[in-house]
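Here is how the chains run, residue by residue.
Protein chains: 2
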Amino acid sequence: MQKKFIVNPWEVKGDVDYDKLVKEFGVQPLSEELIKKIERKAGEMHLYLRRGLFFSHRDFDVIMEDYEKGKEFVLYTGRGPSGKTHLGHLIPWIFTAYLQEAFGSKLYFQMTDDEKFLMRDVGLDEAVGYSHDNALDVIAAGVDPRKTVIFSDVEYMKTIYRIALQVAKRVTFSTAKAVFGFTNSSNIGIIFFPAVQASPAFMAQMLEKRDVNCLIPCAIDQDPYWRIARDIAPLIGMPKPAGIYSKFLPGLRGVGGKMSASEEQTAVYTTDPPALARKKVMGAFTGGRATVAEQKERGGNPEVCVVHQWLYYMFEDDDKKLRKFWDECKQGKILCGECKKYLADRVCRFLEEHQKRREKAKKEVEKVMIKD
Amino acid sequence: MQKKFIVNPWEVKGDVDYDKLVKEFGVQPLSEELIKKIERKAGEMHLYLRRGLFFSHRDFDVIMEDYEKGKEFVLYTGRGPSGKTHLGHLIPWIFTAYLQEAFGSKLYFQMTDDEKFLMRDVGLDEAVGYSHDNALDVIAAGVDPRKTVIFSDVEYMKTIYRIALQVAKRVTFSTAKAVFGFTNSSNIGIIFFPAVQASPAFMAQMLEKRDVNCLIPCAIDQDPYWRIARDIAPLIGMPKPAGIYSKFLPGLRGVGGKMSASEEQTAVYTTDPPALARKKVMGAFTGGRATVAEQKERGGNPEVCVVHQWLYYMFEDDDKKLRKFWDECKQGKILCGECKKYLADRVCRFLEEHQKRREKAKKEVEKVMIKD
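Respectively, the protein sequence lines represent chains C and U. Position 370 (the first sequence) corresponds to 370 in our numbering; numbering is contiguous. Position 100 (the second sequence) corresponds to 100 in our numbering; numbering is contiguous.
Everything labelled a hint here was simulated from the structure, so no lab data went into it. Some hints could be false.
Repeated chains share a single entry, so a pair holds when one copy, or any two copies, can fit it.
Listed below are the simulated EDC-like cross-link pairs for lysine to aspartate or glutamate, each with C-alpha atoms no more than 16 Å apart in a straight line [what the hints assert, rightly or not]:
id, residue 1, residue 2
1, K158, D318
2, K240, E264
3, K106, E72
4, K341, E316
5, K169, D125
6, K362, D319
7, K169, D121
8, K37, E101
9, K158, D372
10, K84, D125
11, K341, E208
12, K280, D17
13, K69, D372
14, K209, E328
15, K158, E72
16, K367, E338
17, K320, D17
18, K330, E359
19, K20, E32
20, K209, D61
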């Protein structure tokens, strides 16, 4: 049952066929061996790896080989701050924090408020405001403030521009068009933007003269940006950035696509009061049958159940418990309300913890955010 | 005798037919009435106006009407710093200084080192270096340092970018392509650049919240940039910038096209030792005949003579003297060597004065140049 799907950095629609994406983008699946390497260094295997939420990569094997020979790597990831942070956004950041702790890497975190201004109906100051707001969630996700710099493109553009010019000089409209699907109606700001987004991949080398690799943990839809950075890296004497890619956490109203920050009901925001989050989770799309009687007789469809996916990827670490939910659902022994309540409890507990860290982050954020 | 000619901000080739340019660009010739208005305000008519070196405009009449009603205007001009400054570059700056004194306007002067890096084989730091070097000539050209800000795009990009984003969001690739002739091989930096170059036209309003008009004195080939700025101005609540345009001072080796900074022998640089400048002028292309005998018998061709044009536009204020040179040339009464010597004396005197002011400018330049 394959549907048409679209994945580019501005759009993820339809049911995402990740196997097909891996093939189309030409990335590699994360091998057991690579996952083990991370585990050994980290001391524990992250749930996101074990459950395949992080599932593919580009040259992560090279980064690891270099690392074993003594060449460090920095981390780079980012956020398009067009609104509040939701749980889906947190996934790469939590994973980045895990990698940062395991490998002691410095993190460069880019807030692409310029991109959001150029592509959305959002004001420039509003977008910059979201950069500062969302930065609280980045810190709350667990990154090490002493080894992290977060910057808004708008506030750090003097520095970024010097690097972006090096990139932009070597990227033709043809190339940008082929990768991002630009048309004649694309605005000239967004046509330049791929150079801006590629730049942090070279910051450690260019600004700090460090001979390091760069690894980018992010959702799979961001891969095209790094293809530009990778293509021009050798032309400017830089190592090609590598990527490690996640799937999307589905929105509460269906398993296809990614959680949308603009559809209030499909997303749980990091700032939602737990009671509101609970209400949202209780309204989730599940694989339940039309009636209780039917559910008990025929069992549910956990395959299409958002609640199951959320537990699987993010909220239930215990394989046995998860298996039990699946089996009992199939057998009609458990009803959707019970699963939703279980998930809601987990989500609320997570939010409470996150919100505490988020509050604490308010004291640190202006130290972590760098400006020109 | 019309030849094919090309005029865009990156290229001026062949014999320039200014009448045709005025028609093609859709600009207006400078009327007697407008010239008189400037003269009344300035107290004297500038040679460049009297001799038609500044010859056309876009909405300068509107600027003047507004001015008479009490609405001030700021001045904006700039330079692509890819090398040393030559005499041709000085023309708009000298004229800008004249307008600045007459109208008391603040001047925003942009050094487009980013553009030069993107379009030429010049390093980024090298281009920024030329920004600072060329700024000495801007000051030496007579602008008022207390009412002037000069900035390098690379060094002031944080501020410029905020304005450029507003512009870029409203300019499609189609539009930029139509105006600048971009192709699929154009790099994505230069595609964005029109937004950068349009930005200073809105600085007074956006940064200082002043309700003023903006007038851009420059060579006619820069007009396309202001068309972009003019098109989007109403969309962002700004007045349309106006322009006042000059012809090009021809290079020493021929009257077609503009003086090229990259052809050492065709240009006199502001830093040339007078002896070198003299040598260059003595090698100028003239309308002289093959032999002295022929010249004396048939007379010369001042119509194609660079020396005559230089005297006409820049170095001989006295109409009678100029007329005498012309007539005596036609009649074979004067030989090219004499004219060249006369011009060389004038050029050397000009250089000596300019170089003194340039030296003095070294003390002021870092105060006039603003950075993020």
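Hints, one by one, checked against the model:
In the homo-oligomer, the alpha carbons of K158 and D318 never lie at most 16 Å apart, since the shortest distance is 48 Å inside one protomer and 49 Å across protomers. Taking identical chains as interchangeable, the C-alpha atoms of K240 and E264 are never at most 16 Å apart, the minima being 38 Å within one chain and 41 Å between chains. Taking the closest pair of Cα atoms, K106 and E72 come within 16 Å of each other only inside a single copy of the chain (10 Å); across copies the shortest separation is 51 Å, beyond that limit. With identical chains, the CA atoms of K341 and E316 are at most 16 Å apart within one copy only, with a shortest distance of 13 Å there and 91 Å across copies.
In this homomeric assembly, K169 and D125 come within 16 Å of each other (Cα to Cα) only across copies, at 15 Å, whereas the closest approach inside a single copy is 29 Å. In the homo-oligomer, the alpha carbons of K362 and D319 never lie at most 16 Å apart, since the shortest distance is 36 Å inside one protomer and 73 Å across protomers. When the C-alpha separation of K169 and D121 is checked against a cutoff of 16 Å, the pair qualifies only between copies, where the shortest distance is 11 Å, while the shortest distance within a copy is 29 Å. Taking the closest pair of Cα atoms, K37 and E101 come within 16 Å of each other only inside a single copy of the chain (14 Å); across copies the shortest separation is 71 Å, beyond that limit.
Taking the shortest Cα distances, K158 and D372 sit within 16 Å of each other both inside one copy (6 Å) and across copies (7 Å). For the homomeric pair K84 and D125, the shortest alpha-carbon distance inside one copy (15 Å) is at most 16 Å, but the shortest distance between copies (39 Å) is not. When the C-alpha separation of K341 and E208 is checked against a cutoff of 16 Å, the pair qualifies neither within a copy, at 50 Å, nor between copies, at 56 Å. For a Cα distance limit of 16 Å, the shortest separation of K280 from D17 qualifies neither inside one copy, at 26 Å, nor across copies, at 70 Å.
Within a single copy, K69 and D372 get their C-alpha atoms no closer than 35 Å, and across copies no closer than 41 Å, so neither meets the 16 Å cut-off. Proximity of K209 and E328 under a CA criterion of 16 Å is satisfied in neither setting, with 57 Å inside one chain copy and 67 Å between copies. Proximity of K158 to E72 under the C-alpha cut-off of 16 Å is found in neither arrangement, the shortest distances being 27 Å within a copy and 31 Å between copies. Taking the closest pair of Cα atoms, K367 and E338 never come within 16 Å of each other, the shortest separation being 44 Å inside a single copy and 71 Å across copies.
Taking the shortest alpha-carbon separations for K320 and D17, neither the intra-copy value of 27 Å nor the inter-copy value of 84 Å comes in at or below 16 Å. When the C-alpha separation of K330 and E359 is checked against a cutoff of 16 Å, the pair qualifies neither within a copy, at 41 Å, nor between copies, at 87 Å. In this assembly of identical chains, K20 and E32 lie within 16 Å of each other by CA distance neither inside one copy nor across copies; the values are 20 Å within and 71 Å between. Taking the closest pair of Cα atoms, K209 and D61 never come within 16 Å of each other, the shortest separation being 24 Å inside a single copy and 54 Å across copies.
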